[in-house]
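**Student:** Sequence:
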Amino acid sequence: MKKLLYLSISIFVFISCAKQEATEEVPKNEKLAFDGIDDSIKPGDNFFMHVNKEWYDNAVIADDQVGVGSYSFLNIPQKVLLENILEDVSAGQHPAGSIEQKVGDFYASGMDLEAINQRGFEPIKPTLNRIDIISDIPSLMSFVTEEIEVQNNSIISLSVSADNENSEINILHFNQSGLGLPDRDYYFKTDSSTLSIQKAYKQYISTLLELTGHADAPKLAETVYDIEKELAKSHKTRIERRDIKANYNKMALSAIDKNQANIGWAKMLSRLGLEADSVDMRQPAYYDKLNEMLSSVSIEDWKTYLKASAIVNYADYLSKPFEDAAFEYTKVLLGQSDQKTRAQLMVQQVDRQLGFALGQLYVKRYFNEEAKTRVKELVDNLQKVFETRMDQLDWMSDSTKQKAKEKLYAITKKIGYPDVWRTYDVKIDRDKYFENVVALRRNDYRFEADQLNKAPDKDIWSTTPSTVTAYYRASLNEIVFPAGILQFPYFDVNADDAINYGGIGMVIGHELTHAFDDRGSQYDKDGNVKNWWTKDDLEKFKAKTQQMIDRYSTFTVLDSVHVKGALTVGENTADNGGISIAYDAFKLTKQGQDTTRIDGYTPDERFMMSIARIWRVKVRDEFMRNYINTNSHSPAMWRVNGPLMNFTPFYETFDVQPGDKNYKPEEERIKIW
Numbered sequence: 054m055k056k057l058l059y060l061s062i063s064i065f066v067f068i069s070c071a072k073q074e075a076t077e078e079v080p081k082n083e084k085l086a087f088d089g090i091d092d093s094i095k096p097g098d099n100f101f102m103h104v105n106k107e108w109y110d111n112a113v114i115a116d117d118q119v120g121v122g123s124y125s126f127l128n129i130p131q132k133v134l135l136e137n138i139l140e141d142v143s144a145g146q147h148p149a150g151s152i153e154q155k156v157g158d159f160y161a162s163g164m165d166l167e168a169i170n171q172r173g174f175e176p177i178k179p180t181l182n183r184i185d186i187i188s189d190i191p192s193l194m195s196f197v198t199e200e201i202e203v204q205n206n207s208i209i210s211l212s213v214s215a216d217n218e219n220s221e222i223n224i225l226h227f228n229q230s231g232l233g234l235p236d237r238d239y240y241f242k243t244d245s246s247t248l249s250i251q252k253a254y255k256q257y258i259s260t261l262l263e264l265t266g267h268a269d270a271p272k273l274a275e276t277v278y279d280i281e282k283e284l285a286k287s288h289k290t291r292i293e294r295r296d297i298k299a300n301y302n303k304m305a306l307s308a309i310d311k312n313q314a315n316i317g318w319a320k321m322l323s324r325l326g327l328e329a330d331s332v333d334m335r336q337p338a339y340y341d342k343l344n345e346m347l348s349s350v351s352i353e354d355w356k357t358y359l360k361a362s363a364i365v366n367y368a369d370y371l372s373k374p375f376e377d378a379a380f381e382y383t384k385v386l387l388g389q390s391d392q393k394t395r396a397q398l399m400v401q402q403v404d405r406q407l408g409f410a411l412g413q414l415y416v417k418r419y420f421n422e423e424a425k426t427r428v429k430e431l432v433d434n435l436q437k438v439f440e441t442r443m444d445q446l447d448w449m450s451d452s453t454k455q456k457a458k459e460k461l462y463a464i465t466k467k468i469g470y471p472d473v474w475r476t477y478d479v480k481i482d483r484d485k486y487f488e489n490v491v492a493l494r495r496n497d498y499r500f501e502a503d504q505l506n507k508a509p510d511k512d513i514w515s516t517t518p519s520t521v522t523a524y525y526r527a528s529l530n531e532i533v534f535p536a537g538i539l540q541f542p543y544f545d546v547n548a549d550d551a552i553n554y555g556g557i558g559m560v561i562g563h564e565l566t567h568a569f570d571d572r573g574s575q576y577d578k579d580g581n582v583k584n585w586w587t588k589d590d591l592e593k594f595k596a597k598t599q600q601m602i603d604r605y606s607t608f609t610v611l612d613s614v615h616v617k618g619a620l621t622v623g624e625n626t627a628d629n630g631g632i633s634i635a636y637d638a639f640k641l642t643k644q645g646q647d648t649t650r651i652d653g654y655t656p657d658e659r660f661m662m663s664i665a666r667i668w669r670v671k672v673r674d675e676f677m678r679n680y681i682n683t684n685s686h687s688p689a690m691w692r693v694n695g696p697l698m699n700f701t702p703f704y705e706t707f708d709v710q711p712g713d714k715n716y717k718p719e720e721e722r723i724k725i726w
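Read in our numbering, the sequence shown has 71 at position 18, and its numbers run on one by one without any break.
Rather than coming from a laboratory, the hints here were simulated on the basis of the structure.
Check before you lean on any hint, since a few could be wrong.
With a cut-off of at most 25 Å between alpha-carbon atoms, the simulated SDA-like pairs for lysine to any residue come out as follows [as the list claims (entries may be wrong)]:
(1) Lys242 <-> Val332
(2) Lys456 <-> Arg442
(3) Lys95 <-> Lys507
(4) Lys282 <-> Glu218
(5) Lys255 <-> Lys286
(6) Lys466 <-> Arg483
(7) Lys671 <-> Ser123
(8) Lys507 <-> Ser287
(9) Lys507 <-> Val332
(10) Lys511 <-> Arg483
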C-alpha cells in the first residue's frame with residue numbers, strides 16, 4: 054500500500070517568479086502582503102491561526118484532494134505546469150530515445166484509457182500463473198526474488214546505500230516488509246477509526262481477488278490479512294526504527310543463510326546478480342519471523358498472499374475497476390471523496406518513474422536561475438550564523454563544538470537541480486502502458502543495484518527537481534533544495550529579506566539542524582555513524598531532546614489526538630533550530646537591523662508571519678489521523694506554534710505575556726541549537 058499512499062499524498066507546487074531586477078523599494082505585489090490577519094486571536098494564544106485563520110476558514114479542500122495550502126499541498130499550479138509539459142511533448146514527434154520521446158510516449162500510453170480498459174487484468178495474468186505453479190518454499194522464494202527486479206517487494210525489502218560505519222562504500226540493506234496497511238499498529242488498534250480502515254482494507258483485497266476471477270474472495274482476503282497481522286507482530290514501531298544503532302545489524306551472508314535457511318539468502322543474491330559477503334539486516338526479528346512462517350503457513354495460503362500482494366502492486370496500471378477499488382480504500386483511509394483526474398495521476402506517475410527526464414524539461418521551461426544564486430547565498434549566510442550560535446552554546450564543551458563546526462562546513466549543498474542528470478536506459482512504447490511501467494521499474498532496480506560495492510554517487514538526488522520538499526541526508530552529509538521549493542511562499546526574488554528569511558531561510562536552517570538532531574548527530578562529517586561527542590555533552594543533548602519529546606507530546610489535534618513526540622523529535626528539533634538560525638541571519642541584513650514598516654508590519658513581524666504562512670495547511674480529519682500515526686513531522690499548526698513557544702524574540706515582537714495560552718516562562722523555553 055506504500056504505492057497507493059504515495060499517489061494520495063505526494064503532491065507538488067509551482068508559482069512562478071518573474072525575473073526582475075531587485076530594487077530598494079519592495080514591489081507592490083499582492084503576494085507579498087499579509088491579508089486576513091485575525092486580530093481577535095492573540096499571537097500568544099495561537100500564532101498559526103492569528104496569521105492564517107481567515108484563510109483557514111475560507112479554504113476549501115477539493116473533493117479529489119486530502120488537503121489544501123502550502124508545502125506539499127500547493128499542488129494545483131504545479132500539476133498544471135507539469136501537465137502542460139506532458140501534453141506538449143506527447144503531442145509532438147521526437148527522436149527515438151530522446152527525453153521528450155520517453156516522457157511524451159509514457160504519458161500518452163497512460164492516458165490511453167480505452168486501451169488500458171480493454172486489457173482488463175490480462176497484463177498480470179502471467180504473474181498470477183507463475184504463482185499458481187509454486188509448489189514448495191524454494192519455488193516460492195524464486196518467485197519473490199524475480200519480482201524484486203521489478204520492485205514488487207512483497208516479503209523482502211532490499212535497498213542499496215552507504216554502510217553506516219563506512220560511508221565510502223555502498224552495501225545491501227534489508228528492511229522489514231510484508232504489510233499492506235500503512236503501519237504495523239493498524240493491525241492491533243481497536244478504536245473505531247482503525248477498525249473501519251481494517252474493514253476497508255480487507256474489502257479492497259477481496260475486490261481485487263474477485264476482479265481477477267478468484268472465488269470466495271472475502272475468505273481469501275481474511276487469509277491475506279491474517280498473514281500480514283502475524284508478520285506485523287515482528288515489526289518494529291516507527292519510533293523504534295528511529296534508533297540508528299539498533300537498526301544497523303551487519304551480518305555475514307553465510308550466517309543468515311544458515312540461520313534463515315527457508316529464505317535462502319545466498320541463492321537469492323546469486324539470482325539477482327548481487328555480490329555481498331555481508332549485509333545490513335535492519336530489523337532481523339522480521340526476517341526470523343518470515344523464515345519461521347515460510348514453513349508454518351501452508352503453501353496455498355502463501356500463494357493467496359502473493360497473489361493479493363502482486364495485484365495491489367500492479368493495480369494502478371490495470372483497468373478502471375482496479376483503480377476504483379483502490380480509491381474506495383483511499384476514501385476511508387484519507388477522506389478523499391473524489392478520484393483525481395487521469396491527467397493528475399499520470400503527472401505523478403511520470404514524475405515518479407521518469408522524474409529526472411521530466412525535471413530537465415521543467416527546469417528549462419520554468420525555473421528562475423536567479424533563485425539558485427540567491428538561495429546559495431542564503432545557505433552560506435545561515436551556515437556562518439549557525440557556527441556563531443554553536444560558539445555561544447552554554448551546554449556544550451569546546452572540543453565537541455569544534456567537531457560540530459567541522460561537520461557543519463563539510464555539508465554539501467545541492468540547489469535547484471542535479472549537476473549530472475540521471476538517464477533512463479529503457480525503451481518506451483506509446484501503446485504499452487503496463488509494459489512501460491514494468492520496464493521503468495526494472496530500470497530503477499538496476500540503477501540502484503549497480504551502485505552496490507561502489508562509493509556513493511554524490512550526483513544522485515533522492516527527489517525530483519519539481520518536488521516541493523527539502524532534505525538532509527546524513528550518510529552523505531548533504532542538504533538538498535529542489536527547484537520546486539524555491540518558489541513563493543518560500544522564496545521570491547522580489548520579496549524583502551523578512552519574507553525570504555522567514556520562508557526559505559527557515560527551511561534552510563531546518564535542514565542544517567537535521568545534521569545535529571537526535572539522529573543526524575550520530576553521524577560524523579563524513580557520514581559515518583561515529584560518536585564525536587564527549588560523554589557529558591551527549592548526556593546534556595539527550596536531556597534536551599527529551600524535553601522536546603515531552604513538550605510536543607502534550608500537543609493535540611482533532612481535539613484529543615496527541616502528537617507523537619518521540620516520532621517527531623527530529624523534525625521538531627529542526628523546526629526549533631531552523632527558526633533561530635534564520636532569525637539570526639536575518640538580523641545581519643539591512644532590513645533586519647531596521648524598523649521600517651511594510652504594509653504596517655515591522656521587519657520582525659513580517660519574518661515571523663512568513664513562518665506562519667509557509668506552513669499554511671488545512672487537511673481532512675482522516676488524513677490527519679493517518680499523518681499523526683505515520684509521519685515524522687508535526688502537524689502544520691505545531692510547526693509554527695511549537696517552535697515560537699521556545700523563541701524569545703517572538704515574545705518580544707508580539708508582546709506575549711503570562712496568561713497567553715502558548716506562553717512559557719523563559720526557563721521553560723527549550724533551546725538546543
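**Student:** State for each hint whether it applies.
**Tutor:** The hints, checked one at a time:
no. : hint              : result
1   : Lys242 <-> Val332 : violated, 33 Å
2   : Lys456 <-> Arg442 : holds, 14 Å
3   : Lys95 <-> Lys507  : violated, 56 Å
4   : Lys282 <-> Glu218 : violated, 33 Å
5   : Lys255 <-> Lys286 : holds, 18 Å
6   : Lys466 <-> Arg483 : violated, 38 Å
7   : Lys671 <-> Ser123 : holds, 9 Å
8   : Lys507 <-> Ser287 : violated, 32 Å
9   : Lys507 <-> Val332 : holds, 14 Å
10  : Lys511 <-> Arg483 : violated, 33 Å
Taken one by one, the earlier hints fail for this structure at numbers 1, 3, 4, 6, 8, 10, listed in ascending order.
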